[in-house]
Structures are given as C-alpha cells and as structure tokens.
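Enquirer: Chain residues, written in single-letter form:
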Amino acid sequence: MSVQVLAGQLLIGLINGSFYALLSLGLAIIFGLLNIVNFAHGALYMLGGMFAWMLLEYAGIGYWWALILAPLIVGALGVVLERGLLARLQQVDHIYGLLLTFGVALMLQSFFQGIYGSAGMTYAIPSELRGGWNLGFVFLPKYRAWIIVLSLAICIGVWYAIEKSRLGSYLRATTENPQLVESFGINVQALIALTFGAGAGLAALAGVLAAPVYSVSPQMGVELLTVVFAVVVIGGMGSVLGAILGGFSLGIIEGLTKVFYPEASSVVIFLVMILVIMMRPAGLFGKF
Amino acid sequence: MRPRTLLAAVVLSTALATTASADISGNVVKIGVLTDMSGPFSHQTGPGSVTGAELAITEFGGKIGDVPVELVYADHQNKPDVAVNLARQWIDVDGVDLIVDLASSAVALAVQDIVKEKNRVVIFSGPGTDRLTNDACSPNGIHWTYDTYATGHSMAQAIIESGGKKWFFIGNDSAFGRSIVEVMSGAIAKASGEVVGEVWHPTGANDYSSFIMQAQASGADVLVLANSGTDFVRAVKQAREFGIEGDTMRLVGPAISMADILALGPEDAQGLHYIDAFYWNLNDKTRQLTEDFREKRNVVPAQAQAGVYSAVRSYLSAVDELRADDAQAVMEKLRHTDISDGFTPSGKVRADGRMVHDMYLMRAKGPEATKTSEWDVVDLVATVSGENAYRPLAESGCALVK
Amino acid sequence: MSNTTQIGDSTNVSTVGSTRPETNESRSHFVWIFLALAALVAVLPAFAYPLFLMKVMCFAIFAIGFNLLLGYCGLLSLGHAAFFGAGGYTAAFVAVKWGFPPELVVLCGVIASTLVGAAFGLLAIRRHGIYLTMITLGLAQMVYFIVFQSPYSGAEDGIQGVPRGVLFGHADLRNDMTLYFVVSVVFMVVLLASYRLTYSPFGQVLRAVRDSESRATSLGLNVRAIKLTVFTISAAVSGLAGAMKAVIFQIATLVDVHLTTSGEVLLMTLIGGVGTVLGPVVGAAVLVTSQNYLAGFGQWVTFIQGFIFVVSVLAFREGIVGLLARLWRRPL
Numbered sequence: 001m002s003v004q005v006l007a008g009q010l011l012i013g014l015i016n017g018s019f020y021a022l023l024s025l026g027l028a029i030i031f032g033l034l035n036i037v038n039f040a041h042g043a044l045y046m047l048g049g050m051f052a053w054m055l056l057e058y059a060g061i062g063y064w065w066a067l068i069l070a071p072l073i074v075g076a077l078g079v080v081l082e083r084g085l086l087a088r089l090q091q092v093d094h095i096y097g098l099l100l101t102f103g104v105a106l107m108l109q110s111f112f113q114g115i116y117g118s119a120g121m122t123y124a125i126p127s128e129l130r131g132g133w134n135l136g137f138v139f140l141p142k143y144r145a146w147i148i149v150l151s152l153a154i155c156i157g158v159w160y161a162i163e164k165s166r167l168g169s170y171l172r173a174t175t176e177n178p179q180l181v182e183s184f185g186i187n188v189q190a191l192i193a194l195t196f197g198a199g200a201g202l203a204a205l206a207g208v209l210a211a212p213v214y215s216v217s218p219q220m221g222v223e224l225l226t227v228v229f230a231v232v233v234i235g236g237m238g239s240v241l242g243a244i245l246g247g248f249s250l251g252i253i254e255g256l257t258k259v260f261y262p263e264a265s266s267v268v269i270f271l272v273m274i275l276v277i278m279m280r281p282a283g284l285f286g287k288f
Numbered sequence: 001m002r003p004r005t006l007l008a009a010v011v012l013s014t015a016l017a018t019t020a021s022a023d024i025s026g027n028v029v030k031i032g033v034l035t036d037m038s039g040p041f042s043h044q045t046g047p048g049s050v051t052g053a054e055l056a057i058t059e060f061g062g063k064i065g066d067v068p069v070e071l072v073y074a075d076h077q078n079k080p081d082v083a084v085n086l087a088r089q090w091i092d093v094d095g096v097d098l099i100v101d102l103a104s105s106a107v108a109l110a111v112q113d114i115v116k117e118k119n120r121v122v123i124f125s126g127p128g129t130d131r132l133t134n135d136a137c138s139p140n141g142i143h144w145t146y147d148t149y150a151t152g153h154s155m156a157q158a159i160i161e162s163g164g165k166k167w168f169f170i171g172n173d174s175a176f177g178r179s180i181v182e183v184m185s186g187a188i189a190k191a192s193g194e195v196v197g198e199v200w201h202p203t204g205a206n207d208y209s210s211f212i213m214q215a216q217a218s219g220a221d222v223l224v225l226a227n228s229g230t231d232f233v234r235a236v237k238q239a240r241e242f243g244i245e246g247d248t249m250r251l252v253g254p255a256i257s258m259a260d261i262l263a264l265g266p267e268d269a270q271g272l273h274y275i276d277a278f279y280w281n282l283n284d285k286t287r288q289l290t291e292d293f294r295e296k297r298n299v300v301p302a303q304a305q306a307g308v309y310s311a312v313r314s315y316l317s318a319v320d321e322l323r324a325d326d327a328q329a330v331m332e333k334l335r336h337t338d339i340s341d342g343f344t345p346s347g348k349v350r351a352d353g354r355m356v357h358d359m360y361l362m363r364a365k366g367p368e369a370t371k372t373s374e375w376d377v378v379d380l381v382a383t384v385s386g387e388n389a390y391r392p393l394a395e396s397g398c399a400l401v402k
Numbered sequence: 001m002s003n004t005t006q007i008g009d010s011t012n013v014s015t016v017g018s019t020r021p022e023t024n025e026s027r028s029h030f031v032w033i034f035l036a037l038a039a040l041v042a043v044l045p046a047f048a049y050p051l052f053l054m055k056v057m058c059f060a061i062f063a064i065g066f067n068l069l070l071g072y073c074g075l076l077s078l079g080h081a082a083f084f085g086a087g088g089y090t091a092a093f094v095a096v097k098w099g100f101p102p103e104l105v106v107l108c109g110v111i112a113s114t115l116v117g118a119a120f121g122l123l124a125i126r127r128h129g130i131y132l133t134m135i136t137l138g139l140a141q142m143v144y145f146i147v148f149q150s151p152y153s154g155a156e157d158g159i160q161g162v163p164r165g166v167l168f169g170h171a172d173l174r175n176d177m178t179l180y181f182v183v184s185v186v187f188m189v190v191l192l193a194s195y196r197l198t199y200s201p202f203g204q205v206l207r208a209v210r211d212s213e214s215r216a217t218s219l220g221l222n223v224r225a226i227k228l229t230v231f232t233i234s235a236a237v238s239g240l241a242g243a244m245k246a247v248i249f250q251i252a253t254l255v256d257v258h259l260t261t262s263g264e265v266l267l268m269t270l271i272g273g274v275g276t277v278l279g280p281v282v283g284a285a286v287l288v289t290s291q292n293y294l295a296g297f298g299q300w301v302t303f304i305q306g307f308i309f310v311v312s313v314l315a316f317r318e319g320i321v322g323l324l325a326r327l328w329r330r331p332l
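Chains as they are written, first to last, in the numbering used here: chain G, 1 to 288; chain Z, 1 to 402; chain B, 1 to 332.
Hints were generated in silico from the structure; no laboratory data involved. Treat each hint with caution, since some may be false.
What the simulated footprint calls covered on chain B by chain Z, stretch by stretch (three residues with Cβ under 8 Å from a Cβ of chain Z suffice, anywhere in the stretch; the number is not a length) [what the hints assert, rightly or not]:
| hint | segment |
| --- | --- |
| 1 | 49-62 |
| 2 | 209-216 |
| 3 | 307-316 |
List time: in silico SDA-like cross-link candidates among lysine to any residue, alpha-carbon distance up to 20 Å [claimed, not checked]:
| hint | chain 1 | residue 1 | chain 2 | residue 2 |
| --- | --- | --- | --- | --- |
| 4 | Z | Lys-190 | Z | Thr-337 |
| 5 | G | Lys-142 | Z | Pro-392 |
| 6 | Z | Lys-118 | B | Pro-50 |
| 7 | Z | Lys-116 | B | Ile-233 |
| 8 | Z | Lys-116 | B | Gly-161 |
| 9 | Z | Lys-118 | B | Tyr-199 |
| 10 | Z | Lys-116 | B | Val-190 |
| 11 | Z | Lys-118 | B | Val-189 |
| 12 | Z | Lys-116 | B | Leu-35 |
| 13 | Z | Lys-190 | Z | Gly-163 |
| 14 | Z | Lys-118 | B | Arg-174 |
| 15 | Z | Lys-118 | B | Met-177 |
| 16 | Z | Lys-118 | B | Val-43 |
| 17 | G | Lys-142 | Z | Lys-190 |
| 18 | B | Lys-97 | Z | Asp-113 |
| 19 | Z | Lys-118 | B | Thr-178 |
The following label-pair restraints were derived from C-beta to C-beta distances [to be verified]:
| hint | chain 1 | residue 1 | chain 2 | residue 2 | range |
| --- | --- | --- | --- | --- | --- |
| 20 | G | Gly-131 | Z | Lys-165 | 21 to 31 Å |
| 21 | G | Arg-88 | B | Ala-48 | 37 to 47 Å |
| 22 | G | Gln-91 | B | Leu-37 | 47 to 57 Å |
| 23 | G | Leu-135 | Z | Ala-191 | 31 to 41 Å |
Note that CB positions come from ideal geometry on N, CA and C, so glycine has one too.
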C-alpha cells in the first residue's frame, strides 16, 4: 500500500468525517442542554435531504437555496417537536424523551417510505461544483472539497458561538442550573426550544450536503444514527469539541478500515466506543 | 365458529370437494403472490408482480372450466420468518395451490423447503440465487426468470469478448453478491483474464469513494459493481464523480435491472452494460405485455414482474389441460411445455426446475440518443441463448438430475 | 427528574413503571388471573392458527425477560436482540448440524444466550444511564456483525430447515398441536416464575437497586452482583424465547439479531406496561397481532407502531396493564 494511496484514503475519510462531525455536533448540543438523547436525529437528517429534493422537484428551487431553506424548515419543525411533545416530558424520567424521539423517527421514516418507496431519489450535484482536480495521488471532486470546507466552517462557527458568545454562555449556564438562569430573566423555555431547533437544523444541513453524493432515501438516516451516537459517546455526551473531533476522527478510522477490512467498516466504531467507555467513563472530552 | 358447526362445515366442504367437477382442491385455484411490497426490491417485484399475476388470470377469464381462480398477495418484508409463516398459513389454512415470485433469495430458499414438505407448487421469479436449481433444488419448485449464474456468466462472456482484461470487483457483501462474483471470476479465469482486486461492502453503504479509489489504483480496465438498487445507483454516481467514464474503465452491473438505469438518468447511466431476462421492445408480444402493464400500473414491467405473468399463465395453462391441480402432475406437465408468451419467445423447464430461455445483453443509452418514449433508455446489444446462459445440467449439483 | 439530573448519576430509571409491587399487597387475584389465562391458552387453538399463537407466546417470553431488566431493575438495554438471536442461532445450529433432540436444542440456546448476557452485563454494568444503554447497543451491533460474517450462520439465508424433533423421545413436535401444548406449558411456567420472582426477596432487592443504588449499597447489597445476575437471567429468558422460536418456525435469521428486534421488544413492554407481571404478555399479544393483521399495509405498519410509541410515551406510560392495575387498584 503506497503512501500515495493511503493519503488518498485518509482524505476520503476526512470528507466522510465531515458528516459525522456535523451530525454529532447537533446531537451533542441537544444532549448537552436538554439531556435528551435525540433518536430522531437521523430522521431529521433525512428530512433535510428530502426537503432539498422536494424543493427541487416541486418548486424548482435549487441546491443553494435549499442549503438555507431546508435547515430552516426542519429547524422550525424541531422547535414544534420540542414545544409540542418533548416539553411535556420535562418532569419525567429522561428515558421517555429518548423513547419519544425514537417513535417520532419511526413515524417520519415510514411515512416517507410509504409515499416514496425505499429505492431513493437522485439529486444532482450543482453545476458549479461538478468536476474535480487531479492532485496526483487522488482525484478530488470539487463537491467533496466543498463538503469539507463548509463542515469545518460550520463546526468552528458553532463551537465559537457556544464557547465565546453571550448566547453561548446562556446556553452553557442553562445546562448547569436552569432555575438560576431563569431567575436572571432569561426565557429558558425559549432557549431550549431554539436550541433543539438549531440542532435539528444542523442535522438537516448535513442531509442537504449529503443529497448529491449519497442520494436521498427515507432510510438514509437509520444506519447513520447508531454510528453518530457512538461518536457522541466517544467524544463525550455534552461536549461540542468532543463531537467535532470525534466525528472527523471516526471518518478517518472508518476510511482506514475500508482499506484493510472493508466489511467491518460499519462496526469498527462500536468497538472504539466500547473501548473508550471502558477507559474513560464520560468519553474523551465529556463532563461527568 | 363453534366446534360442531366447524365440524359440519368441514364434512360438507370435503363432500363438495370430492364431488367437484374436477380434481381441483377446494374447488378453487388459489394463487398467492408472496413478495416485497415496500422494501428494497419492491420496484423490481412487489405490486408489479401482483399486476403480472392479475394479467395472467384475466387471460383465462378468471376461471378454469367453472372453477374460479383466486389471487391473494402478501408482503414478506424480506424477512424469512415472516415469509415462512405466511407460506404455512396460506397452505394450511387458506388452501393456496401456487406460491409465486418470492423476491429475495433468503426468503426463496426457506419457502422452497416448506412447499416441498407440503407438496404444493412454487415458482420463483424475483430471487436470483442459483442454489434454487442447484443444491437446493426441489421437485415442487421452478426458477423462472433469471439467476446469478446466468447473469454473471453471460455478463463475463460478453465483456471478455469485447476485450476486457483486468477486472476489479466492488461487491455487496451478501450471498447474492458473492455468488455473482464467484461465477464471473470463474468465467474470467477460463478466458485467461485477470482479477486485479475485489472489495466487499455492507448493504446500504453510503460511500464508495474509498473502493473506487482502490479500483483506480489497481489499473483495472473493467470495474464490476456486483450490487443493485440504491447501492448500485450511489456507486455509479460516485464513480462518475471521481472521473470514471468512457472506455478507460468500463462500468459493468451484472445484478441490475432497467429500473436502476432509469433511476440513474441517462447522463450517469451512459454506456452501462447489464443483463436482462426481459426486453420490452423485443417483439409484438412483449410490447403488448408492456402496454397492458402500463395501462394497469403506469410502469414498464421489470423482468421479475413479466416473469410472474409468464409463470402464472403457464401454470394455469397446465391446470387447464389437466383439469387438476395436483402438484406433481402440474410440475410434470410444465416440464413438457414449450413456453412462448409476452415474457419470452421460447422457454423450457428443465428437470432441475430451471426455466431456460434467452437472456439479453443491454446497454444504457446516452442523453443524446433518440428515444421513442421515456422508458426507451436501453439498447439490445446481443442475445445470449438459454443453453449458453444457464448452468449446464452436467455441472448441476441438483439431486434430481444426478 | 428536572433538567439538572445528570446522566450518569446513580438513579437509573426510577420512575419507569407506575406499579410498584409490594409484598404486603393483596395478591389473591393473581391465582384467578393465571387460571383464566391457562384456560384461554387451552381453548384458543380452536379459534386461531396455532402457529400464530405460539409466536405470541415466544415473544411474550422474550418481553418477560426484557421487563426483568427494565421494569424491575431500571436498566434500559437496546441490545436484547443479541440474546434472542444467540439463543435462536445456537438452537438452530445444533439441531441442524448435530441432530440434537429438542430439549437439548433449547438448552443449548439458553446456555449460549446466558453466556452472551453475562459478557454484555460485565461490560455494561460498569457504567450507568445512557452509557449503559449505549454499551448494550454497541455490543449488539458487534454481535450482529459477527453473526453475519460467521460461516455457520448462513448470512442472509439464515439457518433453515431446523428439524423440530421428538421431545424426550416421545412427543413428535412436527405435530403442531403437540408443539403447541409444549410451548404453552413453557410459557405458563416462565410467567409464573416471573411472578414469583417479582414478589420474592430478590425482587425487592432489584427494586431497591432501581430506586437508589447508593442507598442499596449502604444497606450492604452487592449492587454489581445483583445487576449482573439480573442481566444474565434476562438474557437467559430471552434466549429461551429465541431458541423456541427457532424450533417452532424451523428457521433462524439475521432479523433475530437486528436492532429492530431490540426495538420491538421495548415497544411491547412499553405498551403492555413496564414493571408489571402481565404487561409483557399483553404487549406481545398486541404487537404480534397487529403486525399480523396489518401486514397488508407494508410501511404503514411501522408508522402506526411509531405513532403508538409516541402516544404511549406521552399519555400512556403505564401501559395497558398499568392502566388496568391503577383502575382496579391491584397490582397486575
């Protein structure tokens, strides 16, 4: 295995890691603030891709607008989901929040599968991003480079917002002591709802990003979800940095597995997860 | 129903059955389409297979003599357990005489056992596993439409003849995928070609870029995608993304169907070769069948769906001639019938249960090609005769022919 | 229970399940319920397809096993399919390859699932809350992979043609009614055993651990050993269900070890009533029946299941049996 080929594979791994990072980011934010394990995250990712396709198919609205509209729509849906359903479970054991999102995911996925079947729909790569560059050791398609660039930008942006901005500080404070934050006059319920919406929007964005390369299908979030959970657990359940780093790292690990033992590429993450949990109970960056 | 009434009903119906006009069990010919109605194979089988059965039954006016023909169908969701339960229930409780389609290989093998045990008839149209007429053959089962041996073998032959030398396989890690690759590798080895690499992916894998890169690095001139459906569509799109087009590395899809070509779109599908068991534009009969399908379901029949039509039609013909539906008698009759209908111009059922007929090498049209209709997306390149396509009886591992 | 509860503290799933069986409550009604259930089981084959009824009983046993862990000990496992499937595949394998008689076949299945359960338990109980659940999920995914890759499991074909055999050298299980009788007996025994466990000192210990681990530890209980024990028992019972299912339907497939099966047993237990004795039975009956009769609707069955999930979680957390128990003011 030459260095060149290996380098190419690592690049590919990094690209795939972008999706894991974006999705883990949304999940970590939701968990950090609401203590809800959002089993509907994969379905929200699917909705993002699905809306992008529907916008094009039914309204002729193309990729660039979809990149903005789909996350907004799904984010709004997320707010509705949180306010309408999850909020009712605030006083009950957190396991029910998990179960609720699990049920919602089943409904969303089977709904779209019932209407559109399971074969999936193709979504074209936008013309501005077609083609690629021959880098010598690998042919890098433009769209894939776009994926890395956009994901990194968003991850860094979100991390900065949470760690450095005032809104972020409210979020972090609410995670630790919501009653106290409320007594300062901050509308905690609104903050929670918007945060869930933001997490949902991030998932949807990943879905739009995935649509041209992975095609859109009602089940596209299912396999991804268990993997993303593993990433979040590895990174630490409430940690934004952990989610981002974990996502990119997993992409690379998976990429390497595809070279040496491809059949195991879908399970290697679970092995890593179990090892990490055994050694560091709260994940690599988690706050116990 | 109370026990006494039940007993009376049983006695009465037995009496009626024995005084029925023919030796047709339960005084009704019941056909069950057991298929994948909403899962990954539903486009190639599913509701379309039901349509195929309906069309065949309509040709007989819905009855044999004055015995009605009834159709039931069910979704086994590609789960062998569900299929096994449904098959048992159909046979034990509902009096089904013929089970048809089956859609997926795992399901097919399970049901083959049950039908043999209970002595009914099963005709496979959807599944590909060549084991159904090999080590898992049965005197009660016929494999109608295609199998992995035929598609793999014909595909390999065709590409070898047109100069393919170095082969790279990207295969679905399943019995289906491995079977195809095994068959093709055998044919390649015989023709002194070289397999420079093979890599396996789990079903539903999202990203093939890593495998495509490995293929490019291997120097192969033929890239075989031994998968189908969404997996195949994704793999092709990504292959195009990474610059695989034209004749530098030819893309081959031994396990796909026209539905996958349609899903890809002409730009990405251009030049793709595959093997089909049914060509809609072959002759007047096939065109008529296609029209009938489109009238009912607004979709061109896939090979398995047209196969169901042909299978049910042939079964009913046999029952009609015998005026009986005893499984062994019908099977024997089918083995001596020349099959010629809207599915295939000529076919024969062999002793191992294999229905042997011509297969077609197809190539996807490009975006500039002329089309007579929106589904005219493929050209017929060559016809592979039945004897050349299917596993010769001499090489069969079937206990019935040894 | 407010937002400040950290995942990973010592309360596991303390408010799951509304009925809290206490040993001093009146339980005489249970005798009548069990008698009525036995009569029902004896009579039903005249009205319904015996194979369908046996499927209900197998899944009821599976749910009873799952409920032990979730309802009585408060531990949520998303990997129970691994136990069910381990039982099923082992049973199928020994029956097909070595021709064992059915009693040995089922025993082997139970042993296999118990071992897997112990392994899972050893790893999972070292963490709490969501981490425990994620460990069970991750381990189950790995089990699925191992089964899939294993040359003995037949990949997507599964292990088919499992012979039913002759039980104890006398009862030919190929006769559906004979098999039904055997399965009913096993089912009633498992149900009665779970009832006894619930009201035994061990049952009390389980509930103590569920309610507050730190308190339990301070009372001198070996919490780790208790959790490991219940994990193992739960896995054994699930494996029993899986092994029996393999013999009845003569097949073991990948669906048995898949995540959706873990989801289904959770749904059954939730609908029936977490933490109740009869809940798993009712839940299994409801789920299997609905799957059977809604089979024509394809994907919409899953939609309906999801909908029921959501409704149950929002408004109906006690489940059917939980609701009945509350109305009747007796534990069920």
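Enquirer: Are the hints correct? Go through all of them and say.
Expert: So, going through the hints one by one against the coordinates:
Coverage of the segment 49-62 of chain B by chain Z holds [criterion: at least 3 residues with CB-CB distance below 8 Å; count 4]. Only residues whose beta carbon comes within less than 8 Å of a beta carbon in chain Z count, and the segment 209-216 of chain B has 0; fewer than three means the coverage is violated. Under a criterion of three residues with beta carbons nearer than 8 Å to beta carbons of chain Z, the stated coverage of the segment 307-316 of chain B fails, only 0 such residues being counted. For the suggested pair Lys-190/Z and Thr-337/Z, the alpha carbons sit about 34 Å apart, so the restraint of at most 20 Å is broken.
The suggested pairing of Lys-142/G with Pro-392/Z is violated, with an alpha-carbon distance near 49 Å, which exceeds 20 Å. Taken as a hint, the Lys-118/Z and Pro-50/B pair is honoured in the structure, with Cα atoms around 17 Å apart against an allowance of 20 Å. Among the hinted pairs, Lys-116/Z with Ile-233/B is inconsistent with the structure: their alpha-carbon atoms are about 39 Å apart, more than 20 Å. For the given pair, Lys-116/Z sits about 11 Å from Gly-161/B by alpha-carbon distance, which is consistent with the 20 Å threshold.
For the given pair, Lys-118/Z sits about 47 Å from Tyr-199/B by alpha-carbon distance, which is inconsistent with the 20 Å threshold. The straight-line distance between the Cα atoms of Lys-116/Z and Val-190/B is roughly 35 Å, outside the 20 Å bound, and the hint therefore fails. Simply put, Lys-118/Z and Val-189/B have alpha-carbon atoms about 33 Å apart, too far for the 20 Å limit, and the pair is violated. Annotation: proposed proximity of Lys-116/Z to Leu-35/B is violated, straight-line Cα distance about 41 Å (limit 20 Å).
About 14 Å separates the Cα atoms of Lys-190/Z and Gly-163/Z, which keeps this hinted pair within 20 Å; it holds. Between the alpha carbons of Lys-118/Z and Arg-174/B the distance comes to roughly 13 Å, so the proposed pair stays at or under 20 Å and holds. The hinted pair formed by Lys-118/Z and Met-177/B meets the criterion: a straight-line CA distance of about 17 Å does not exceed 20 Å. Restraint check for Lys-118/Z and Val-43/B: the C-alpha separation of about 26 Å exceeds 20 Å, so the hint is violated.
At roughly 41 Å between alpha-carbon atoms, Lys-142/G and Lys-190/Z are farther apart than 20 Å, so this suggested pair is violated. Annotation: proposed proximity of Lys-97/B to Asp-113/Z holds, straight-line Cα distance about 17 Å (limit 20 Å). Proximity of Lys-118/Z to Thr-178/B is assessed by CA-CA distance (about 19 Å); at most 20 Å being required, the pair is judged to hold. Taking 21 to 31 Å as the suggested C-beta distance range, the pair Gly-131/G and Lys-165/Z conforms, at roughly 29 Å.
For Arg-88/G and Ala-48/B, the hinted distance range of 37 to 47 Å is satisfied, since their beta carbons lie about 38 Å from each other. Under the hint 47 to 57 Å, the C-beta atoms of Gln-91/G and Leu-37/B, about 36 Å apart, miss the expected range. At about 36 Å, the beta-carbon gap between Leu-135/G and Ala-191/Z stays in the expected band of 31 to 41 Å.
This entry does not satisfy hints 2, 3, 4, 5, 7, 9, 10, 11, 12, 16, 17, 22, going by the numbered hints stated previously.
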